[in-house]
Amino acid sequence: MTKSNIEDRIKRYISAESSKWMEQAEIYENNKEWLDKSALIAIKILSTLRSQSITQRTLAENIGVSPQYINKVVKGQENLSLETICKIEKSLGITLVAVPAYENSQVIVDSFCPIPYFISKNESQPIGSEKSDYKSESRYQPQEDPIAA
Amino acid sequence: MKFVPIFDDEDCLLSTKKDNERQDEFSKIFDQWTDIEYLDNFFTTHENDLKRPFWEGISIEQAIIGTRNEAIKFRKYLKRISEKPPKERKLLFLGLFHPLSQNQGMSAFLENKKAYGKRNKTWLRIYALKAGEDRYIITGGAIKLTDNMGERPHTMKELRKMETCKQFLKNEGIVDEEGIIELLEL
Chain P
1 MTKSNIEDRI KRYISAESSK WMEQAEIYEN NKEWLDKSAL IAIKILSTLR
51 SQSITQRTLA ENIGVSPQYI NKVVKGQENL SLETICKIEK SLGITLVAVP
101 AYENSQVIVD SFCPIPYFIS KNESQPIGSE KSDYKSESRY QPQEDPIAA
Chain G
1 MKFVPIFDDE DCLLSTKKDN ERQDEFSKIF DQWTDIEYLD NFFTTHENDL
51 KRPFWEGISI EQAIIGTRNE AIKFRKYLKR ISEKPPKERK LLFLGLFHPL
101 SQNQGMSAFL ENKKAYGKRN KTWLRIYALK AGEDRYIITG GAIKLTDNMG
151 ERPHTMKELR KMETCKQFLK NEGIVDEEGI IELLEL
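Sequences listed follow chains P and G, in order. One point on numbering: in the numbering used here, the residue at position 119 of the first sequence is 119, and numbering is uninterrupted. One point on numbering: in the numbering used here, the residue at position 96 of the second sequence is 96, and numbering is uninterrupted.
Since the hints were made in silico from the structure, they are not lab data. Model, not experiment: these values are computed from the prediction. Honestly, I wouldn't trust all of these hints.
[Unchecked claim] Counterexamples of contact, computed for chain P against chain G with all Cβ distances above 12 Å:
| id | residue |
| --- | --- |
| 1 | R12 |
| 2 | E61 |
| 3 | T95 |
| 4 | A98 |
[To be verified] Lysine to aspartate or glutamate pairs mimicking EDC-like chemistry, simulated, CA-CA at most 16 Å apart:
| id | chain 1 | residue 1 | chain 2 | residue 2 |
| --- | --- | --- | --- | --- |
| 5 | G | K76 | G | D31 |
| 6 | G | K76 | P | E23 |
| 7 | G | K18 | P | E17 |
| 8 | P | K72 | G | E172 |
| 9 | P | K75 | G | D31 |
| 10 | G | K73 | P | E26 |
| 11 | P | K75 | G | E61 |
| 12 | P | K32 | G | E83 |
| 13 | G | K76 | P | E29 |
| 14 | P | K11 | G | D31 |
| 15 | G | K79 | P | E29 |
Idealized CB from N, CA, C, for every residue including glycine.
Just need the whole structure built from these sequences, with the hints factored in.
Next comes the structure, spelled out in structure tokens:
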């Protein structure tokens with residue numbers, strides 16, 4: 001049997017349908033950002049279920065979804081809604097997603113001021129509450145340019 | 001059993017696909033390596049293997065994240081190969097696949113091959129048969145945590161899958177003993 005014979009014979013067994021591999025790779029690339037987050041959420045859920053000895057079915061019952069849905073979630077390939085995330089968090093007593101809290105001070109970028117300045121949260125007030133809020137010179141006092149002068 | 005082309009019709013990379021299964025072996029392993037539930041079950045079952053000094057005390061969670069990240073990197077690398085012209089692709093595959101064992105010799109029916117994942121201490125393996133000068137038939141893949149494939153049922157299964165594919169090629173008359181020797185002598 002020659003090399004070309006072997007090649008020809010193999011070709012006869014090659015299916016017309018191709019592998020789904022490339023499709024999978026493209027799905028990931030097009031949805032990378034949320035799929036990566038979904039995977040991390042799935043790891044956290046599974047590790048909590050294990051440590052608390054809770055089954056996927058019990059979690060599903062507790063939050064009012066089907067076990068099939070929870071199974072999709074723990075595969076790390078589900079685009080979860082905030083509502084579902086909150087229900088899972090409450091049921092398991094864990095945090096899955098955290099939004100950074102506002103800090104004590106805010107950086108104010110004033111288009112008239114070249115240097116950003118800080119105000120403390122206690123001093124902050126609703127925008128437009130004072131007449132001076134509408135005067136750019138109320139906070140920025142330009143120095144006299146010695147060269148121009 | 002069928003063979004499906006992975007990148008395109010003229011490709012040198014094929015995957016086996018069982019008649020009763022939805023997915024071919026190549027897609028299946030990448031699906032498993034990025035499926036958090038599958039990885040969680042796998043590393044929970046093989047937690048003792050993870051405790052071997054070679055794996056430096058990695059936790060189940062770290063193992064899951066590491067496997068998924070590596071599989072994604074590996075997939076990206078293979079996709080880049082697929083975008084190369086056929087001649088260059090063949091050379092890259094030649095560098096990717098290594099003999100499964102050093103002592104296969106002339107007695108081998110077809111040459112067993114393996115490809116490693118894309119990090120230094122990698123446990124990802126793709127298994128294939130080299131069926132012709134430039135053609136690789138992927139038979140499966142595994143997360144190999146032990147030194148030898150015979151040590152765990154899931155890696156043993158991969159050895160059997162390679163043998164089943166060889167037997168299929170022989171039974172269908174695609175290759176014969178005479179042909180194999182000729183092939184190995186090329």
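(message) Of the numbered hints stated earlier in the document, which are not met by this structure?
(response) 1, 8, 12, 14
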